[in-house]
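Enquirer: Chains as they are written, first to last, in the numbering used here: chain G, 1 to 301; chain U, 1001 to 1273.
There is no bait here: all hints are sound.
According to the in silico footprint, chain G covers these stretches of chain U (three or more CB under 8 Å from chain G): (1) 1015-1025; (2) 1078-1090; (3) 1100-1111; (4) 1148-1156; (5) 1208-1220; (6) 1242-1256.
Calculated lysine-lysine pairs in the DSS-like style (CA-CA distance at most 25 Å, straight line): (7) G/K105 / U/K1005; (8) U/K1037 / G/K155; (9) U/K1048 / U/K1037; (10) U/K1190 / G/K111; (11) G/K111 / U/K1005.
Derived from the structure by calculation, the hints contain no laboratory data.
The structure presented is a predicted model; accordingly, all values stated were derived computationally and were not measured.
Every residue gets a Cβ at the ideal spot worked out from N, C-alpha and C, and that includes glycine.
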Amino acid sequence: MAKTRSWRPKNHKKWETFQLYLYVVPSLFVVTIVTVFPLLYTFVLSFQKYHLAKPQERAFVGLDNFARMGNEPLVTSAIWNTFVYTFLSVLLSLIIGLGLALLVKGIGRGKSILRTLFFMPMLLAPVVVGVMWRFLFNYELGIINHMLTVFGLEKVDWLGSPGLAMFSIIFVDVWQWTPYVFLVLLAGLESLPQEPFESAEIDGASRIQIFGYLTLPFIMPLILISTIFRVTWAFRGFDSIFTLTQGGPGTATETMAMAVWRMAFVRLDVGMASAVSVVMFLVLTLISLILLRQMSGKLRA
Amino acid sequence: MRGRKLYVARYTVGSILALLYVAPIYWIIVTSFKTYKEAFQIPPIYYKWPDLSNYITYFSQSQILTTLLHSVIVTIISTLAAIFLGSFAAYALSRARLPGGETMAFFILASRFIPPISTVIPLYLAMRYFSLFDSLTGLIILYVAMNTPYAVWMMRGFFREIPVEVEEAAWMDGCSRLGGFFRIVLPMSKPGLAATSVLTMVFAWNEFLYALVMTGSNAKTLPLSISAFMGEMGIEWNIMAAAGTTIMLPTMIFSIFVQRHIARGLTFGALKG
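This is chain G alone, in the form it adopts within the complex (with noise of 0.2 Å):
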């Protein structure tokens, strides 16, 4: 059947693919005006020395505030603190994540339920995670000391000490997120071809080697985007960590994301906070652009 549409005239062709512009002209122009333009002018404002309540001063510095960054205690501990804590949230939840799907994987009836139970975490706020976990890790009256008393064991000061509260705020990420990647890992589990895991089982092949060799690979595109979403979700990491421990004890749990907020609305210096925050934005593109390679990498494959 020849597609002539006859009773379509030639620029009634036009008028159609002009229709479609429209359709996305709306999205591009809210999107543009209320993301694209406020991040050019963070990068206008990390040039500038510009202080919220003394705005006469405002100057034009280049790149002072970047170089001032190295002696700013704030910062660089806020550097290594998004680091670690989004290298391990990511980490664990992807293999965590991976488990859990590997674990549930077939399973019949019941799944719904399963899925349902895994789900909840993602849907509550981050500020109630963090609250939530806030009021378990309680040292003295949160219900996990109380276990631990329970086995015979110490206290522990989730909250309070340097080194634990990183692994607290960690830890709550972890919880929150893990089914993320449990519920993308097992969609895409349940939907591997069946055949060559068969023959490879006939070939003899032991759970090892069909493991690395047949699953990994088919589901690396999923394991990728799942990362990529991790890495940009947790890199930002904001509202649990505000809750729960507030960047203490000091600065042990402060984020870039932290000390963004409280450089920009607390001391008030907005240009140096744009600069951090350029730098987060920068890292984190690089970190994306990373990943996104190795993805379409693996999707030409």
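Guided by the hints, dock chain U onto chain G, whose structure is given.
Expert: Chain U only, in chain G's frame:
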């Protein structure tokens, strides 16, 4: 067959893990029914018949009902707007062959990789400048911009699965493109729309950073109210638990309805089916 025993073992372990995993949530809900003393009792009270006194205390705080209303308004309006804008864009971008289409799609989606903290300062200044600071409208605009990319992303995946032939059949009957969109494509994408709406509602309802920075005393939303409870001494955990549960409840209820399609949405269209 070794399969049977392993299956039962996996089922059991999986179920136990799932229950343990959400135990903290259960604990908070139970705590919300307790009195202040009961919240810290040793040995702990693991089960209590629902007692809503804490909720009554919570809601009789002067600002809370208003705050709740704010959250509802902001969430619903920003979700509707984001889905509306996003669906149109997703539709156009899913019917390929649009020059520059891939670039536009990438641009919209990439905007979500910008950490909100990196734009919060100029947005704060802009909101003040345009008198949108401490207003619901300001928050709505921000949330629409935040959620539209997700809507575009997810709906594009769903739209791509609707074959063009179905629309072409409608066009041959004299339907316009727009009409086809509303009468054929949208109804066929109801699961996608449902999943996307739930996800964007959850994002908007739970959002904290922008709400924290962009509001003063007039336009507070619910997540702010719970952080406001955090003093250093004597936090009334039982009421806090009631507050937390109140914030949790709507999202949990909504998600039950669209649970099946969430997994697809979570990969943001990258995984089919």
